[in-house]
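Engineer: Single-letter residue listing:
Number of protein chains: 2
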Amino acid sequence: MNTNSTWDLLVLSKSVLTMEPEAAPIEKGAVAIADGRIVEIGPASDLLEKAPTCEVLDAGNCLVMPGLVNTHSHLAMSLLRGLADDLPLKAWLEDHIWPAERQYMDRETVALGTRLAVAEQLLGGITTTADMYFFADTVCEVLAEAGMRGVIAESLIDSSTPRCATPEEMIAKQRNLCEGWRNHPLITPSIAAHAPYSVCAANLVKEAELAEEFSVPLQIHLSETRWEVETSIEHKGASPVAYLEGLGFLSEQVVAAHCVHVDRNDIEILAENGVGVSHNPVSNLKLASGVAPVLAMLEAGVRLGLGTDGAASNNTLDLLRDLQITALLHKSISGDPTTMPAATVLSAATSGGAEILGLGGKVGMLKPGMEADIACFSLNHAHTTPIYDPSSHMVFAARAADVRHVVVRGKVIVRDRKLMTMDLDEIRTRSTEAARRIQSG
Amino acid sequence: MNTNSTWDLLVLSKSVLTMEPEAAPIEKGAVAIADGRIVEIGPASDLLEKAPTCEVLDAGNCLVMPGLVNTHSHLAMSLLRGLADDLPLKAWLEDHIWPAERQYMDRETVALGTRLAVAEQLLGGITTTADMYFFADTVCEVLAEAGMRGVIAESLIDSSTPRCATPEEMIAKQRNLCEGWRNHPLITPSIAAHAPYSVCAANLVKEAELAEEFSVPLQIHLSETRWEVETSIEHKGASPVAYLEGLGFLSEQVVAAHCVHVDRNDIEILAENGVGVSHNPVSNLKLASGVAPVLAMLEAGVRLGLGTDGAASNNTLDLLRDLQITALLHKSISGDPTTMPAATVLSAATSGGAEILGLGGKVGMLKPGMEADIACFSLNHAHTTPIYDPSSHMVFAARAADVRHVVVRGKVIVRDRKLMTMDLDEIRTRSTEAARRIQSG
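Chains Z and C, in that order, give the protein sequences. By the count of this note's numbering, the first sequence reaches residue 469 at its end, each step adding exactly one. By the count of this note's numbering, the second sequence reaches residue 469 at its end, each step adding exactly one.
Hints in this document: simulated from the structure, not taken from any laboratory. Incorrect hints may have been included.
To be verified - Covered by chain C, according to a simulated footprint, are these stretches of chain Z (three or more residues, beta-carbon under 8 angstroms):
(1) 146–154
(2) 316–326
(3) 341–349
Said to hold, decoys possible - Pairwise CB distance ranges (calculated):
(4) Trp126/Z x Leu76/C: 40 to 48 angstroms
(5) Arg203/C x Arg464/Z: 53 to 61 angstroms
(6) Ala52/Z x Ala193/C: 38 to 46 angstroms
(7) Arg464/Z x Leu76/C: 21 to 29 angstroms
(8) Ile261/C x Gly70/Z: 56 to 64 angstroms
(9) Arg203/Z x Leu76/C: 56 to 64 angstroms
(10) Arg464/Z x Gln131/C: 56 to 64 angstroms
(11) Thr366/Z x Pro213/C: 43 to 51 angstroms
(12) Glu327/C x Asp364/Z: 24 to 32 angstroms
(13) Gly363/Z x Glu327/C: 23 to 31 angstroms
All values derive from a computational prediction rather than experimental measurement. Ideal Cβ placement from N, Cα and C applies to all residues, glycine included.
Based on the provided sequences and hints, a complete structural model is requested.
Structural biologist: As C-alpha cells, then:
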C-alpha cells in the first residue's frame with residue numbers, strides 16, 4: 029500500500045523554509061500531513077504524484093514555513109490596546125492598566141480579549157503563543173476551540189488579581205490548570221510567577237516546585253527595568269537573576285521575559301541554568317525599558333525566543349515586527365550590520381521559541397515526525413518583489429497581512445486570510461463595546 | 029447656486045484626522061473635493077445632504093488622513109530589495125549595489141523599478157515621494173502617469189552614473205529636468221547632490237545656485253556615517269554640516285537625508301538655516317549607521333520629515349514602519365516613554381514632510397484650499413480593534429496593508445486596495461525577470 033492513501037493534507041508552496049539548521053529553501057516544495065503530523069517534505073511534483081485523493085492546500089505563491097512562536101504575551105490585554113500610550117511603565121501600569129484590569133477583567137472579558145488576540149495572532153502567522161494572565165482555564169478553552177497551540181498560565185502575584193483574593197488561591201488554580209489540561213493535544217498548561225519583585229521567596233520556590241512536579245514551563249518577568257535591578261540589589265543584595273538562582277528557581281523550564289538589564293554574570297547564570305529568554309523588543313522600546321543584550325546572550329549560549337508582550341504595550345501581536353526590530357536594533361547597537369542576520373532572527377521566532385517553551389522537536393521546524401504547524405506567506409505583493417533570499421524577506425519585508433493560510437496540527441485554521449474557527453466580526457463588535465465601557469469608566 | 033454642484037468627490041470616513049495642529053479627529057467626518065482641491069470638511073451627514081450628485085468614496089470604516097510623505101528614497105532600487113543584506117555600508121555599496129547599478133540600471137530598468145516602487149508606496153498610503161536617482165526624466169514620467177506626487181531629482185556625483193559620463197553632463201540633465209517639469213501639477217523637479225564627500229566644493233556651490241535659480245528643493249545625503257564625519261573633519265577641518273554652511277549651500281530649500289552623526293553645533297546650524305532633515309531610521313539601523321538625534325533636533329527647532337530610503341537598505345518602502353520605529357527608538361534612547369508621542373511622529377510623516385519638500389500649505393493636511401491627497405486606512409481588523417486614540421493606532425498598530433483607498437489631487441488612485449493606474453501583475457512579472465538577470469550577473 030502506498031503511503032499516500034493516509035495523507036490528510038498536502039500543502040503546496042513557491043518555496044519551503046523548513047528552518048532545519050543550514051537547510052536551503054525547497055523551491056516548489058510541498059509538505060504532506062497525516063494525523064496532524066508532517067510525514068513527508070519534498071518537491072511538489074513528486075508529492076502530488078503520490079497523493080491523488082488527499083486535500084491539497086494551494087500555497088503555490090507562498091513561502092511556506094513553520095508557524096511563528098510567540099513566547100511572551102498577555103492575550104486579553106488586547107482590549108486595552110492603545111488605552112494609555114506614551115507613558116512611563118510605572119504610571120502606565122499603576123494609573124491605567126491595573127485599575128482597568130481590576131474593574132473590567134472578569135472571566136467573560138478575558139475570554140473576549142483572548143479571542144481577539146488569538147484571531148490577530150493566527151491571521152499574523154503565529155501558531156503557538158505563550159500567555160500569563162488570569163482565568164487561565166478560560167484562556168485554554170478559547171485556544172482549544174480556535175485550534176491554536178498555547179502554553180498557558182494563571183499568573184501568581186503577592187496581592188490579589190481580578191480572579192483571586194490571595195496567592196494561595198492562585199496557586200490552587202495553577203495546580204487545577206496543570207491537572208486539567210496536562211493531556212490536551214494543543215494546550216500545555218504552565219506556571220507563571222509575575223516577577224521576582226512582586227512574588228515572595230517562599231512563593232517563588234513553590235512555583236518552581238509546581239513546575240517541576242508537572243514538568244511544565246515556568247514563566248516569569250525578569251530584569252525588565254533598571255528600577256527592578258537596582259531595587260533587588262539594594263534590598264536583596266543580588267540582581268534579580270542571581271537572586272532567582274539562589275532560590276533554586278532557575279532551570280531549563282524557565283521562560284524569562286525581557287532580561288533587559290542583565291550583566292555578564294547574569295548572562296552566565298542564564299546560560300548555565302539553560303534558562304530560555306523571551307526577547308520583547310517592541311514592548312521594551314515603547315516603555316523605554318531599554319534594549320536586552322541579545323548578542324551577548326547568544327554568544328554565551330543562552331536559548332532565545334521572541335515575544336510581543338501584551339498589545340497594551342506593543343500595540344499589536346504582530347511578531348514579524350519584533351523580528352524586523354530585533355534584526356535592526358542589534359545591528360545598530362553593535363555598530364555591525366553583519367550581526368543578527370536574518371536566519372538567526374527567524375530561528376528565534378520559530379525553532380528557538382518552540383525550544384524555550386518546551387515544544388522543541390514537536391513544532392518550530394518542518395520535518396517528518398513533527399506536528400504540522402505551518403504558516404503560508406503570500407509573496408504576490410509589490411513589497412515582496414523581487415525575491416533574492418526568502419529568509420531576508422521574512423525578516424525585512426514580509427508583513428502579517430501577507431499570511432494567506434495557517435495550519436495547526438494538520439488542520440487549516442486560516443484559509444485565504446479567513447479564520448475558519450472564529451467569527452472575527454462578532455469578536456470585533458463585542459470588543460468595541462467592551463472598550464466603550466473601559467474608556468467611559 | 030449651491031456649492032455642491034461643483035464637487036467631484038466626497039470621501040466618507042469613520043474618523044478624519046486632518047493633521048491640523050491640535051485638531052481633534054472628526055468622527056464620521058467627510059471630505060469634499062473639487063478640481064483636485066479640498067473644499068469642505070465636516071460631518072458626513074451634513075456634507076452628504078449637500079451633495080446629491082457627486083461621486084462618493086465610501087471609507088466609512090476607515091481612518092481618513094493626509095497621504096503620507098516619503099522625504100527620501102531611491103525608487104528604482106526596489107529591484108535590488110534584499111540583494112545583499114547583513115553587510116556594512118561600504119561593502120554593501122561598493123561590492124554589491126554600485127556594480128549592480130552600473131551593469132543593469134539603464135533607462136528601461138529604472139522605469140521598471142520606479143513603477144514597482146510607486147505601486148508599493150501608493151498601496152501603503154504614501155501620496156508624495158522624494159527621489160534622487162538617475163534618468164530622473166523617466167522617473168517623472170512614471171509618477172505622472174501613475175498619478176503620484178513627487179519631488180524628483182537627477183543625482184550628481186563626481187564620477188560617472190549609469191546615465192552620465194561626467195558631472196557636467198549630470199548638471200545639464202538637472203537643468204533640463206527643472207525646465208521641463210517646472211509647471212507640472214504633480215511633479216516638482218529638484219536638484220540632488222549625492223553627498224559632501226562625493227561632490228566637490230565647486231559643484232556643491234553650482235547645485236545650490238541651480239536650486240535657487242529654479243526655486244526647487246535641494247536634496248543631499250548628510251552626515252550618514254561616522255566615517256563621513258571623521259573624514260570631513262580630517263580633510264576639511266569641519267563637520268559635513270559646517271562645511272556645507274561654509275559653502276553657502278544650506279538654506280530652507282535643503283532636504284538633508286540621515287543627519288545621524290550631528291553634534292550640538294551642527295544641529296544649531298541646521299536650525300538656523302532652516303534646513304529640512306529627513307529621518308530614515310530603518311535604513312540607518314539596518315546599515316548600522318547609528319540613530320539620528322531627532323529629539324535634540326526637534327528641540328532646536330529643526331524641521332523634520334521621515335523617509336524610507338531605498339528598498340535596498342530597508343527593505344520596503346513602508347513608511348508606517350518608519351513611523352513606528354521613530355516613536356519606539358527615541359523613547360528608548362531618551363529613557364523616557366513620554367517623548368516622541370504619536371502625534372509628533374504623525375506630523376513628521378505628513379505636514380512636516382510636506383514642509384521640508386517645499387509643499388507646505390499644498391499637501392500634508394486636510395484643509396479647505398489644500399490639494400486633496402488622502403489615504404484611507406481600514407480599521408476593520410483584529411489588530412486595530414478596539415480604538416481609543418486614532419493617532420496612536422496610526423503609529424503603533426496600523427499597517428501598510430490596511431490602506432483601502434488613496435486619492436491624489438482629487439483622483440482615486442487606489443480603490444479597494446487595487447491600483448487604478450498601474451498593472452501590478454505585469455510590474456511584478458517584469459521585476460522578477462529583471463532580478464533573475466541581476467542575480468545571475
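Engineer: Against which earlier hints does the structure fall short, listed by number upward?
Structural biologist: Structure breaks no hint.
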